[in-house]
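Engineer: Protein chains in written order, with numbering that gives the first Met the number 0: chain A, 0 to 297; chain B, 0 to 297.
Simulated from the structure, these hints should not be mistaken for lab results. Heads up, the beta-carbon is just placed ideally off N, CA and C, and yes, glycines get one too. Treat the hints with caution; some may be incorrect.
Cβ pair distances, simulated, as ranges [what the hints assert, rightly or not]:
no., chain 1, residue 1, chain 2, residue 2, range
1, B, Ala83, A, Lys31, 36 to 44 Å
2, B, Gly9, A, Gly9, 35 to 43 Å
3, A, Gly281, B, Ser2, 52 to 60 Å
4, A, Pro28, B, Lys260, 46 to 54 Å
5, A, Lys18, B, Glu211, 19 to 27 Å
6, A, Ser109, B, Lys234, 50 to 58 Å
7, A, Lys31, B, Lys234, 43 to 51 Å
8, B, Lys234, A, Glu14, 33 to 41 Å
9, A, Glu14, B, Asp140, 21 to 29 Å
10, B, Ile293, A, Gly238, 48 to 56 Å
11, B, Leu46, A, Lys172, 29 to 37 Å
12, A, Ala22, B, Val210, 25 to 33 Å
13, B, Ala25, A, Asp227, 37 to 45 Å
14, A, Glu14, B, Gly86, 28 to 36 Å
There are 2 protein chains.
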Amino acid sequence: MLSAVERKIGQFVEELDDKEVSALYAKLPHGKRLRAKLILKIAGTSLPVIKTAAVVEMIHAASLLHDDVIDDAYTRRSKPSLNALYGNKTAIMLGDILYAKGFFELNNISPEISKMISNSVVQLSLGELKDVSLSKSFNIDKKIYLEMIYQKTASLMEACAGAAALLANKDPKAYKIYGRNLGIAFQMIDDILDITMDTQTLGKPSLHDFVEGKTTLPYIYLYEALDDENKLKLKSLHGKKLSDNNTEWIMLMMQENNIIKKSYQEAKTLIEEAITLMNERGENALSHIAMAMIERDF
Amino acid sequence: MLSAVERKIGQFVEELDDKEVSALYAKLPHGKRLRAKLILKIAGTSLPVIKTAAVVEMIHAASLLHDDVIDDAYTRRSKPSLNALYGNKTAIMLGDILYAKGFFELNNISPEISKMISNSVVQLSLGELKDVSLSKSFNIDKKIYLEMIYQKTASLMEACAGAAALLANKDPKAYKIYGRNLGIAFQMIDDILDITMDTQTLGKPSLHDFVEGKTTLPYIYLYEALDDENKLKLKSLHGKKLSDNNTEWIMLMMQENNIIKKSYQEAKTLIEEAITLMNERGENALSHIAMAMIERDF
Numbered sequence: 000m001l002s003a004v005e006r007k008i009g010q011f012v013e014e015l016d017d018k019e020v021s022a023l024y025a026k027l028p029h030g031k032r033l034r035a036k037l038i039l040k041i042a043g044t045s046l047p048v049i050k051t052a053a054v055v056e057m058i059h060a061a062s063l064l065h066d067d068v069i070d071d072a073y074t075r076r077s078k079p080s081l082n083a084l085y086g087n088k089t090a091i092m093l094g095d096i097l098y099a100k101g102f103f104e105l106n107n108i109s110p111e112i113s114k115m116i117s118n119s120v121v122q123l124s125l126g127e128l129k130d131v132s133l134s135k136s137f138n139i140d141k142k143i144y145l146e147m148i149y150q151k152t153a154s155l156m157e158a159c160a161g162a163a164a165l166l167a168n169k170d171p172k173a174y175k176i177y178g179r180n181l182g183i184a185f186q187m188i189d190d191i192l193d194i195t196m197d198t199q200t201l202g203k204p205s206l207h208d209f210v211e212g213k214t215t216l217p218y219i220y221l222y223e224a225l226d227d228e229n230k231l232k233l234k235s236l237h238g239k240k241l242s243d244n245n246t247e248w249i250m251l252m253m254q255e256n257n258i259i260k261k262s263y264q265e266a267k268t269l270i271e272e273a274i275t276l277m278n279e280r281g282e283n284a285l286s287h288i289a290m291a292m293i294e295r296d297f
Numbered sequence: 000m001l002s003a004v005e006r007k008i009g010q011f012v013e014e015l016d017d018k019e020v021s022a023l024y025a026k027l028p029h030g031k032r033l034r035a036k037l038i039l040k041i042a043g044t045s046l047p048v049i050k051t052a053a054v055v056e057m058i059h060a061a062s063l064l065h066d067d068v069i070d071d072a073y074t075r076r077s078k079p080s081l082n083a084l085y086g087n088k089t090a091i092m093l094g095d096i097l098y099a100k101g102f103f104e105l106n107n108i109s110p111e112i113s114k115m116i117s118n119s120v121v122q123l124s125l126g127e128l129k130d131v132s133l134s135k136s137f138n139i140d141k142k143i144y145l146e147m148i149y150q151k152t153a154s155l156m157e158a159c160a161g162a163a164a165l166l167a168n169k170d171p172k173a174y175k176i177y178g179r180n181l182g183i184a185f186q187m188i189d190d191i192l193d194i195t196m197d198t199q200t201l202g203k204p205s206l207h208d209f210v211e212g213k214t215t216l217p218y219i220y221l222y223e224a225l226d227d228e229n230k231l232k233l234k235s236l237h238g239k240k241l242s243d244n245n246t247e248w249i250m251l252m253m254q255e256n257n258i259i260k261k262s263y264q265e266a267k268t269l270i271e272e273a274i275t276l277m278n279e280r281g282e283n284a285l286s287h288i289a290m291a292m293i294e295r296d297f
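The following block holds chain A by itself, in its conformation from the complex:
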């Protein structure tokens, strides 16, 4: 039924009645449509459900367009990003168009759904700003990191699950926790992959996040585990281009202190909580989505 969502998005884009927008939209990768899948699994395939899923994917696409400009990212899903192909300005404008059309269409679903989704976009945009601001200093406060990834990544998934539950006349509370846990775990795993993935694909880690100033969960745990001297050393390396020696030292410290496993365990705990909640409700498909997430490559 994901094809019904694709058709609805296509219809929304055509309604904008602008050839350039249609052509630009056609160049965007569709992604995994994880948020749409989540909504369909919870709420079935009625028209309001399809519309909600379509709106959420448009909003998600808009947020990625702006993210790529903000993060100077020139690839997305191994292809050149829209800002790389057509410039930052076009990416900003297309993002604004998709956001506005998404918000407009929320009015054609229900006030409750509209509030839930649009509030999550407020959180998402605040999270994006916080992510950039935090990277300007060496943040070692786990609470602040968790709040930021909740806003940046989990709030929209929480709203998707909550909105879908409302549409299906299910109790939104458990579904919101499910979406929230999935979102936070998803971002934690993404942050772990930033450290582990390059080792597999490039032969050595680039520690891109740390170089960019982002002290994600593994760095927070590593800092906590180090003695005072090594704490200072880690801090001194933050936000700078790393020499091979220093990269190796960070990786060695991560290994010695079992940091990746510890971080991964934290994501896993959230996923397990989400799975238990869904198993209690006989929502096997939703448990499987959650399970697939912890089985991503490390």
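For chain A, the structure is supplied; the task is to place chain B on it using the hints.
Structural biologist: What follows is chain B alone, placed relative to chain A:
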């Protein structure tokens, strides 16, 4: 009662519960609050009216933040723009936050108002893209120019007037025409001032729009008035840095063909139509707002 709108915007910003956003917002110039004034003059000062005015001004501020990034504008109201002070990325993110909060708050007014305003933001963002795209070639199609400035500038003013009329239980039709005419005339006059203003303040015109590739109403009329040879010459100068000789030639052609007066007359006709509509309804304050617009300096 504009102060009630300012307080409401302040409250909306505080509700975001983010110190950085509050600090950034405090740095934004308030502007003339033309859209809020329009709404208050039409609909009075009930809470839904104040909320609508506050939302519209937040949305307008968001659009200006993104505009300044897209236009590489480093000043706004003779002060450094937010993107000049804090970089393009911060301007994009703050714009997204204000947009999202504005859309969220529309849910607390009424579905009809929410649809009208959010649809105008779709148009506004489409207009912004069209403005940039049109500047890549020599557009001499007046219809396309009018459609673009309707979307970019007039659609939000049309929605403001229409929403205010709805809130005041007045017939929205006439008020929407009023807002639309005001918006189109406002942009036409802005485009004329781009040609005439520098001559007064800098001693010579910079023809900034034309250099940027924007063929606004005066250039479209000038092209229509020129003979074939001069048409070619004008076209050859489009979108390039101009020598003093070429600037003088354009200004001379404008003068000989009475272009500024003709363009100004077109804006004036729209304003007069708006004034007549409001006079018929005894809306003197609204007539005055319209009149003030044609009395801007030339």
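Engineer: If a hint holds in the structure, say so; if it does not, say that too.
Structural biologist: Results of checking the hints against the structure:
{"no.": "1", "hint": "B:Ala83 with A:Lys31: 36 to 44 Å", "verdict": "holds, 38 Å"}
{"no.": "2", "hint": "B:Gly9 with A:Gly9: 35 to 43 Å", "verdict": "holds, 41 Å"}
{"no.": "3", "hint": "A:Gly281 with B:Ser2: 52 to 60 Å", "verdict": "holds, 56 Å"}
{"no.": "4", "hint": "A:Pro28 with B:Lys260: 46 to 54 Å", "verdict": "holds, 52 Å"}
{"no.": "5", "hint": "A:Lys18 with B:Glu211: 19 to 27 Å", "verdict": "holds, 23 Å"}
{"no.": "6", "hint": "A:Ser109 with B:Lys234: 50 to 58 Å", "verdict": "holds, 53 Å"}
{"no.": "7", "hint": "A:Lys31 with B:Lys234: 43 to 51 Å", "verdict": "holds, 48 Å"}
{"no.": "8", "hint": "B:Lys234 with A:Glu14: 33 to 41 Å", "verdict": "holds, 35 Å"}
{"no.": "9", "hint": "A:Glu14 with B:Asp140: 21 to 29 Å", "verdict": "holds, 23 Å"}
{"no.": "10", "hint": "B:Ile293 with A:Gly238: 48 to 56 Å", "verdict": "holds, 54 Å"}
{"no.": "11", "hint": "B:Leu46 with A:Lys172: 29 to 37 Å", "verdict": "holds, 31 Å"}
{"no.": "12", "hint": "A:Ala22 with B:Val210: 25 to 33 Å", "verdict": "holds, 27 Å"}
{"no.": "13", "hint": "B:Ala25 with A:Asp227: 37 to 45 Å", "verdict": "holds, 39 Å"}
{"no.": "14", "hint": "A:Glu14 with B:Gly86: 28 to 36 Å", "verdict": "holds, 34 Å"}
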